[in-house]
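Chains as they are written, first to last, in my numbering: chain P, 27 to 536; chain Y, 287 to 650.
No lab work stands behind these hints, which were simulated from the structure alone.
Don't be surprised by glycine CBs; every beta carbon is placed ideally from N, CA and C.
Worth double-checking, as some hints may not be accurate.
Claimed, not checked - Simulated DEER-style distance windows between Cβ atoms:
#1 Y:F598 - P:I399: 55 to 61 Å
#2 P:L462 - Y:F640: 54 to 60 Å
#3 P:V344 - Y:L443: 18 to 24 Å
#4 Y:I583 - P:V259: 53 to 59 Å
#5 Y:A447 - P:V443: 25 to 31 Å
#6 Y:G605 - P:V457: 42 to 48 Å
#7 P:S377 - Y:A586: 57 to 63 Å
#8 Y:L443 - P:E402: 53 to 59 Å
#9 P:W277 - Y:F598: 25 to 31 Å
#10 P:V191 - Y:A586: 55 to 61 Å
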Amino acid sequence: MVIKVAEWWDKIRAWLTGGDKLVSETSRIPLQGYEHDVLYLQEQLGHAPDFAAREFRLGVNGSRVAALYLRSLADEKSIANSIIMPLSSIAALVDIATRNTSVDAVRNLLSSASVADLSDLGAAMERILLGETVLLAEGLKVALVVGTRASIGRTTSTPEIETTVFGPKVAFVESLETNLALIRQQVPAPTLRIETFDLGRRNPRRAMMFYLTDLATRETVAEFRQKIKDIDVGSLLETEYLHTLIGKSPWSPFPQAIHTERPDRVSGNLLEGRIALLLDGSPEAMILPTGFSDLFQSPGDYYEHHLVTTLMRALRMVAFLLSTTLPAFYVAITTFNYEVLPTDLLFAVASARAGIPFPPVIETVLMLVLVDILQEGALRIPAKIGQTVGVVGGFVLGQAVILARLVSPLLVIVVSVSVISSFATPDYRVVGLARLLRYTLLAAAGALSGIGIAAVWVGVVIHMASLEILGVPYLRPLAPLRLSSLSDFVFRKPYRSADPRQAKRLREES
Amino acid sequence: MRVRNRLTSFQHGVLIIGALIANGIFSLPRVAAQDAGRSAWVVVAFAGLVLLIVALLSNRLASYFPEEDPAGWGLRLMGPIVGRVWLLLYFLKCCFFIVLTMRIFAAIITNRMLMHTPSSVLAGIVLLLSVLAAVIGISGLARFAEISFMVWLPFMLLVVATLLRGHLFHLQPVIGDTDLSALLAGAKSAAFSFAGFDILLFSYPHLEKPQNSARAVFWAMVFVTAIYTLTTVAALAFFGVEHLTRLLVPTLVMLSIAETSVIERFDSLALFMWLGMVVVTSGTQLYMGTRLIQGLIPKANFEKTAVFLGAFLLVSTWGETPLRRLITFADYFGTFDILFVTLSAVLLLPLAYFVNKRERRLGR
Chain P
27 MVIKVAEWWD KIRAWLTGGD KLVSETSRIP LQGYEHDVLY LQEQLGHAPD FAAREFRLGV
87 NGSRVAALYL RSLADEKSIA NSIIMPLSSI AALVDIATRN TSVDAVRNLL SSASVADLSD
147 LGAAMERILL GETVLLAEGL KVALVVGTRA SIGRTTSTPE IETTVFGPKV AFVESLETNL
207 ALIRQQVPAP TLRIETFDLG RRNPRRAMMF YLTDLATRET VAEFRQKIKD IDVGSLLETE
267 YLHTLIGKSP WSPFPQAIHT ERPDRVSGNL LEGRIALLLD GSPEAMILPT GFSDLFQSPG
327 DYYEHHLVTT LMRALRMVAF LLSTTLPAFY VAITTFNYEV LPTDLLFAVA SARAGIPFPP
387 VIETVLMLVL VDILQEGALR IPAKIGQTVG VVGGFVLGQA VILARLVSPL LVIVVSVSVI
447 SSFATPDYRV VGLARLLRYT LLAAAGALSG IGIAAVWVGV VIHMASLEIL GVPYLRPLAP
507 LRLSSLSDFV FRKPYRSADP RQAKRLREES
Chain Y
287 MRVRNRLTSF QHGVLIIGAL IANGIFSLPR VAAQDAGRSA WVVVAFAGLV LLIVALLSNR
347 LASYFPEEDP AGWGLRLMGP IVGRVWLLLY FLKCCFFIVL TMRIFAAIIT NRMLMHTPSS
407 VLAGIVLLLS VLAAVIGISG LARFAEISFM VWLPFMLLVV ATLLRGHLFH LQPVIGDTDL
467 SALLAGAKSA AFSFAGFDIL LFSYPHLEKP QNSARAVFWA MVFVTAIYTL TTVAALAFFG
527 VEHLTRLLVP TLVMLSIAET SVIERFDSLA LFMWLGMVVV TSGTQLYMGT RLIQGLIPKA
587 NFEKTAVFLG AFLLVSTWGE TPLRRLITFA DYFGTFDILF VTLSAVLLLP LAYFVNKRER
647 RLGR
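Here chain P stands alone, though its shape is the one from the complex:
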């Protein structure tokens, strides 16, 4: 009964969403003859202006052959060199229409390294949309697909978000092949495995999953593979989409994967037994499984002295606490819990607030909203005038609100420290999380003073304790506490004593 209902529901859903129908129909259409197939593909692609059907004749019988491709995606020079020239120049030697081995003969003539057979028009269309060339010929029962994908977009450049002083200066780009090459270059290990998936029903995107067979656990790889296979969406444009689809708690604001633009970070994590996923068109890799502490680790940590790294990691954690809790703490102290301050400090705070017309919570919300609007605006302002806006927003406006006695100078310090601290964490996604927590804690402090702050943090820790990413607890290595894993938490041991065991630790924890 349940199965029948599920089948009916699938039918209704397929009827309601035209895309499913399109994919299912096209994917089942076999080749029906040269003219029909060429016309069909032309029609399915809506007679696109960049669609090319280059027709020429082969052999003594003059059999017609069409090379079908999209000019915008395919490399026409490659088509000319690897398809048209070889087939035209030696064509007289081959009689495609009459010989039984014609497919093999044509394949042997093509000078491309990537040639495959297809007997399905739906698949042929998908390959054209990926920038490959489909060869259809009279008398052939299969189509040949030749890899002619052009390299579109930018060439590799330096990382823009995850910048480091030392270490490699190369970042991923939007081309999956280029990114694959970057990873291969970083991890020249024979145990590196790459699995390919096509994700998205309406708009399929190729994704590649990377792992090292000798380091990643079989269960983790199998679980991840299954999660990827279970993804059932129309289209995927970014790895961030996958983050919410694969994660156990899609409502959780906590980043449940590392997103990086650096191949060296991917290679470092692969060597720790993790799995990386790259999506075609996305300049970021997604790394799993991950924990909360991983968000505070920068790729640069491994290029500096371990004691310096330890200090920086500790500072980042303090910065995260300051960025989330400092404004709320200010409100709690100035509204309810002033008894915790020494008398001299209390007088200083009271005199700074003298004459301010708003209660601390309103004053803080106003200031935070103002700073967040400035921050959001600065993201979209052209770079050339961005600096001017920063000066106007930061100095002029800050000075003006103090002079107008709308906020206290102490609060300006508190909010500035809080906002700047949020950028101390290497993962940009933590900035958004810190912002969300900051407002929540502020509201709790305004309502229930320090106990409100404590209640929110307790709730946050309970939530984090509930998270597991591919079987690895999110709060590792603190909870469950494993002393052996603490060697790369805040304190980082020197390489010789830390590196080889890292993957083993992850295996134990999962």
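With chain P held as given, fit chain Y onto it using these hints.
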């Protein structure tokens, strides 16, 4: 959203510590000193050592059923009628424990910090957080307990550090002016602070290495006994018996005396940090209560039952009760709790031994 159940020995120990230490420590030095005078710390240590033996007996009991908690073996061991009555009593004990924990904490906050906030609001918040903690299952709860423990420990050490500012003559003579009956009465009163270690019966089946359980239980109980004893010594040395017996929550008063150049009083901060431990305590009891309902009604869904139980207990947050009355009630309840757990361990252990032996003989 329950997470995989798999506990390390450290988590097992921290769960026991978290289940034991909540509000009891605030009033323990006074309660012990009222009966035992200067010997208060001795009776606390004595109570701890006696309950260590009970905890180890409970651990032995749990080891007979390595894959089940009391919700599973309760009926099997005692039969359908006695077993159900026992499960029901146990469940009611857990409910009272939760209600007292959250109400005492809320009353302390209302008394010392938020005078205009109804304590039912604060108790409701503690209850809500406890439900969240219980719903994620024993493994998630243990992780939360670990973090809470790490945050709470520095404040506890601060309490112990006030010992340096105390006077030795307040502690002397150690056992001189108190008779044996007073010492025993003091030990009985102090025992309430040790209520809650029976969580080990519920966490045992989830252990990675059950063979290490006894060691974890031992160290957890020794740790709690040491903390309680040192706190009592510090309070005695600092205030003296006469002053101490007049203070409702002497541990917090001690924290209000500790100061640094940046923070003048630590009592408010300590209370904020204590919230985590309070939620661990009530969360473990809520987990136990939910499992016991599952023992009574096997088809009950864990998450829904925990939420339903939390909603049911929300009624108990209504109204205001003076802190002194709550603490007095907690003293009586603690005695009942300890008696229930001790009797259960002592009486069920031989029974479990024979049942286990028979089942092994029958090849089950």
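Here is what the structure says about each hint:
1. For F598 (chain Y) and I399 (chain P), the Cβ-Cβ distance of about 45 Å falls outside the hinted range of 55 to 61 Å, so the restraint is violated.
2. Roughly 57 Å separates the CB atoms of L462 (chain P) and F640 (chain Y), a value that falls within the hinted 54 to 60 Å.
3. At roughly 20 Å, the beta-carbon separation of V344 (chain P) and L443 (chain Y) lies within the given 18 to 24 Å, and the hint holds.
4. Between I583 (chain Y) and V259 (chain P) the C-beta distance comes to about 40 Å, which lies outside the given range of 53 to 59 Å.
5. Range check, A447 (chain Y) to V443 (chain P): Cβ separation about 30 Å, and the 25 to 31 Å hint holds.
6. In this structure, G605 (chain Y) and V457 (chain P) meet the distance hint of 42 to 48 Å, their C-beta atoms being roughly 44 Å apart.
7. Between S377 (chain P) and A586 (chain Y) the C-beta distance comes to about 60 Å, which sits within the given range of 57 to 63 Å.
8. Distance hint for L443 (chain Y) and E402 (chain P): a CB-CB separation of about 44 Å, inconsistent with the stated range 53 to 59 Å.
9. Checked against the hint of 25 to 31 Å, the pair W277 (chain P) and F598 (chain Y) passes, with Cβ atoms roughly 26 Å apart.
10. A beta carbon spacing of about 58 Å between V191 (chain P) and A586 (chain Y) agrees with the range 55 to 61 Å that was offered as a hint.
Checked against the numbered hints given earlier, the structure breaks hints 1, 4, 8 and satisfies all the rest.
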